[in-house]
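4 protein chains.
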Amino acid sequence: MVGGGEGAFIGGVHRMAARLDGHWDVVAGSFHSDPQKSVAFGLSQGLEADRAYADFRTMAASEAKRADRIDAVSIVTPNSTHHAIAREFLLAGIPVICDKPMTTTLRHAEDLAAIARDTGLPFILTHNYSGYPMARQARAMIEAGELGEIRIVQVEYAQDWLATDQTGNKQADWRGDPSKAGPGGALGDIATHAFQLVEFVTGLKTETISADLSTFVAGRKVDDNVSVLLRFGGASKGMLWASQVATGSANGLKLRVFGDKGGIEWAQETPETLLFTPIGEQQRIIRRGGAGVSKMATLATRIPGGHPEGYLEGFAQIYSDAAELVRAHKEKRSPSLCSLQAPGIADGVRGVKFIEAAIASSTNNGAWTSI
Amino acid sequence: MVGGGEGAFIGGVHRMAARLDGHWDVVAGSFHSDPQKSVAFGLSQGLEADRAYADFRTMAASEAKRADRIDAVSIVTPNSTHHAIAREFLLAGIPVICDKPMTTTLRHAEDLAAIARDTGLPFILTHNYSGYPMARQARAMIEAGELGEIRIVQVEYAQDWLATDQTGNKQADWRGDPSKAGPGGALGDIATHAFQLVEFVTGLKTETISADLSTFVAGRKVDDNVSVLLRFGGASKGMLWASQVATGSANGLKLRVFGDKGGIEWAQETPETLLFTPIGEQQRIIRRGGAGVSKMATLATRIPGGHPEGYLEGFAQIYSDAAELVRAHKEKRSPSLCSLQAPGIADGVRGVKFIEAAIASSTNNGAWTSI
Amino acid sequence: MVGGGEGAFIGGVHRMAARLDGHWDVVAGSFHSDPQKSVAFGLSQGLEADRAYADFRTMAASEAKRADRIDAVSIVTPNSTHHAIAREFLLAGIPVICDKPMTTTLRHAEDLAAIARDTGLPFILTHNYSGYPMARQARAMIEAGELGEIRIVQVEYAQDWLATDQTGNKQADWRGDPSKAGPGGALGDIATHAFQLVEFVTGLKTETISADLSTFVAGRKVDDNVSVLLRFGGASKGMLWASQVATGSANGLKLRVFGDKGGIEWAQETPETLLFTPIGEQQRIIRRGGAGVSKMATLATRIPGGHPEGYLEGFAQIYSDAAELVRAHKEKRSPSLCSLQAPGIADGVRGVKFIEAAIASSTNNGAWTSI
Amino acid sequence: MVGGGEGAFIGGVHRMAARLDGHWDVVAGSFHSDPQKSVAFGLSQGLEADRAYADFRTMAASEAKRADRIDAVSIVTPNSTHHAIAREFLLAGIPVICDKPMTTTLRHAEDLAAIARDTGLPFILTHNYSGYPMARQARAMIEAGELGEIRIVQVEYAQDWLATDQTGNKQADWRGDPSKAGPGGALGDIATHAFQLVEFVTGLKTETISADLSTFVAGRKVDDNVSVLLRFGGASKGMLWASQVATGSANGLKLRVFGDKGGIEWAQETPETLLFTPIGEQQRIIRRGGAGVSKMATLATRIPGGHPEGYLEGFAQIYSDAAELVRAHKEKRSPSLCSLQAPGIADGVRGVKFIEAAIASSTNNGAWTSI
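First to last, the sequence lines map onto chains A, B, C and D.
Position one of the first sequence corresponds to residue 1 (the working numbering), numbered consecutively onward.
Position one of the second sequence corresponds to residue 1 (the working numbering), numbered consecutively onward.
Position one of the third sequence corresponds to residue 1 (the working numbering), numbered consecutively onward.
Position one of the fourth sequence corresponds to residue 1 (the working numbering), numbered consecutively onward.
Keep in mind the hints are simulated off the structure, nothing from the lab.
Because the structure is a prediction, the values reported are computed rather than measured.
Among these hints, one or two may not hold up.
For identical chains, the list gives no copy identity; a pair is met inside one copy or between any two copies.
What the hints assert, rightly or not - Restricting the straight-line Cα-Cα distance to at most 25 Å, the calculated cross-link-like pairs of lysine-lysine (DSS-like) are:
1) K221 - K261
2) K353 - K254
3) K37 - K170
4) K170 - K261
5) K353 - K295
Work the whole structure out from these sequences, hints included.
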């Protein structure tokens, strides 16, 4: 693991998620940009002394030489550092699990994509929401044609933790600093999740967007509210709203898709159920672990329906998929179909393109901009 | 009443709504464009023979001469006829209650506005959703500053009854015929409700919009899906979505408003409660008839909380407000504050401006267009 | 109308409900036990002077002699007076619409039943919750066998308006006075509704009950919390809870029925939908006005799904049914099937039996007691 | 770990829960009553060969002698074997984490209680629902007096997986076999959870109960539906319903508590929020990780609100508490206040008493029976 030291949020999440299904142990790491803190934190986590590294370059180099080298590196640092770290480990021959957005510039994203392609190494991007069983259920239903031709996609991701000035909050500080987070605020932090979920679930590719970005809190250097109109291939349209100042919203990621045969609705805060309405019929509540659930959703499930799975389980699914991808790569075999649902380098490139297109469109007063 | 004969939907609604609070009786009417059907329907409703009129012009002229003339006319015909009928009655000195959208052209809307101003007669537009107690609660809270400065408004109005070709359905036929409904489909039928509700609740004026209209069902002559970005004065932004092809949605009008002191959420299908989150505090469920409800919401309430009021009660409120406006006008006194919440000619003009701006923007590939 | 004068709650509800569908007008009444107040209130409601009666006996006698006599009397007085008033009107040949519980003693209930039987006059008891379309949907589904053999019935009716001492509140005062309300508090006021709804929806007859009544608020003379175990014929079982001290509950009447083929759930505060789970299948949301709704539910419906109907509409349905029953009786024909769903004298007798059995059981420490 | 081999449900849950917070590793086990299967499963889980035991007695004896002996044993076998296994390990000096119900007879329960008392060893019973943060929030609020004096407790636990004959389903088979599960069906399996949750949250002790047990599915040897009236000390009353034949219910554990100052509601399937209504005020949605959450709930929390935690996280909390209890015991210090919330031997004894009282009461036609 690189990043995720003392006081980090997402590092701890990654560790719990990695541990849950029993496929991963953290055995080496470089947890902090300060070498001493990095080593100290590693030791505090019970790592062997020679694997509590001072920095990621040493870690990549050292691990590459070990017989018991790490199966993959998990990168949970601020966005601007993803590129350099991922590059280092890929070039050292080590598969990468990386937090999103993948990079802060398209050039960096495409560079990683090229290296991943050249090395053939697994690269998993933790767009964790696509690990939820019912998000996969939605995807499976659309793939199976149960919604027919997709007409409309409405997605939103509403939070409120940045509704006031949060200067001094460690999470807010780096996310609000373009030199660390990249040019997007809510755009990079959460709109990219919404965007990835749309394409993951529907299989559609967004062609052009019209965006209107706002910054409501005085002094903030990045956007905190994002309104986007989407056009997919053909007649399909969509709207995407992401906000971090929507008071009353905790982590409100919600997706609705309407086709000419039916419509679905799924919300991350009540992730266990999916509403499905076949045209002209009664609405159905599809429940994780319940009747009529697809194979892909079932494979992403741990416990019976009614025993709520949540965020860590969805995140763990990405780690389980990653484990299978890494194992299959090592064993030179095809990975399971389930694991192929894990987001990867292509999602990363599209996410960065989305960020750049949204900023360009907003700067041009909403001009429709290609992705 | 003009319109609302055999097979009409909204005519029956108006009659029930008018009756509920006991302020109105239908005593005269012209119910159909076919004179014979008009008279026959009037008689079937128990009207006296000389007040079951063959056409609205005769009705306006005759009623104007009677000592026991009608207190107001309720116009529930297709949109394109509103202007001529409302004009006739206003000029005959009779107050008007009119369904929305007020007219199909801005010229007509402004003409009515001028006549209403000149005659000084009450003109009520049945944007019925602003009659719901909890919509008025939302307005009262915003007026009182409980949300602070408004930042974001998210409104949607999703239906699915037009997800398939409904040719032959009487309601769908006239609503899909631009010569009767005007140039907007979902835009005029439901997006105008959403637009009016936004301005009613927030007190904001929409300055410019960027719209993307779609028609998903082949052969349909008007839009059936409407995506709009909104800009209000200052930094405030919004999104408006209206669709009649959103399978799984019945009559999903939902409004969320976020300010720098709090956020609220209200949905027409669960109209009895309003979610309110003061920044940094727990979310509260404000219930019609319950603790902490404003005077304006209480005045629009009939029965105790927990005994659900719904669509007809909200609609009835507009009719009760209209009764007070008409009575106050007759008695040459100021109407009650409650009744002043009823939508009127100004809402009508803005609604038509909104329709025209949305069409213009969409035609210009989403160019920001003034209202 | 008898009762329902100044300050009454249910009288106003009855008037709105009667008016909504256009079948009834209040043309005569005795609204108060004080003759002067009675007349004054009648006049204030616009009644003709000779029909604003001083007392119900004069009203019954006078109306019986008029050619344009009332079609029915609506009795909305405190429970203890129902018997005498209903008796008087039935004997005068006038159909009765009566609030519940029907009487305060079983002897009185059986007396009314005998008179109703002898006179053959319509007698409608306003157990209004059985007027809700989705309650009728539930009944229709069970009649049609969609739930199979009923196993378990869970019903509850939770309010909180009596969680504190409400002495001085007019509604609370008479409801808490056994000389006016009868021996039951929550038992008579709301548990009877729950009991009637169970038998209405399921078609089951409750055979024996075990009850535990409580009075939580000091000084209160009647129960305010009711726990009952139910046994129906065969193996079927149930639980009934009614409370007026359940803080956070407004008017929480909720019914769940589980059979060997499926289960349903309906709640009065969200009356527009019914949850249905056929065994082994996905749960479905059956919506008023939506797909797959039974004829009986559709007949009790006014406006399209998604446009919420509520308490007054459900109550109005009982009045519409009553109108048809009265008309059919006058025209000496069979009433419509729909109207036969209206609760009547038999429900009234069972309700009073239920009250008496619950009190007897609770007094005997929960001994199973026949109804 | 003892039990939880191939095909077991709860064994896998325990392992994931134990792993999640990083306090536990499975290093030894006896997973099956068949010695060969036991060893094979242990090896498949990556245990060292000498710790993949053939049976629990060998395991207890061997582990007791090791320097690196297990910190605790987790017992996840059918109920009837809990006593012998727990006894063996306690007498070997090893702390016990045991699934519920603790034993199948009161004699056995009291025997374990005596041994636990005598040895002073930690004994944790996995009534996992008391590990949910918002269940602990409810408890903290009641302890702090926010509900005032408790009046009414309504608890239910509804499932439907046994609505049909499930013979051949491994989970159903042992749970329906009194020789393995003990005398209770739904009673032991789920009603005990509901009972424990009531006492955990409210701090009340149930004094007497009146129960009505049913078996709806032909051929079933244990109850599948449980109706119980509860009396606590003083005036407090309650109702408990547990069913495994309630079609449409997955794992519907729901608790409502009403006091003279307020009421709360919590449901396991939507575990992240707690509804709280202070008397006379608006209802509040208390959210895990949100405003106004108690320290005890916060200590049981991993990730921010809106990122749903669920069943495994609640279960993991019990394991984390157990880790602290075991560590504190080893270090001869007081355990944290948080860990003291973990259910233990006393809950186990009360659970078995509850089962025995319910059966006795039901056998005696609902006679009130002491616990």
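How the hints compare with the structure:
{"no.": "1", "hint": "K221 - K261", "in the structure": "between (44 Å within a copy, 21 Å between copies)"}
{"no.": "2", "hint": "K353 - K254", "in the structure": "within (22 Å within a copy, 32 Å between copies)"}
{"no.": "3", "hint": "K37 - K170", "in the structure": "within (16 Å within a copy, 51 Å between copies)"}
{"no.": "4", "hint": "K170 - K261", "in the structure": "between (46 Å within a copy, 23 Å between copies)"}
{"no.": "5", "hint": "K353 - K295", "in the structure": "neither (32 Å within a copy, 43 Å between copies)"}
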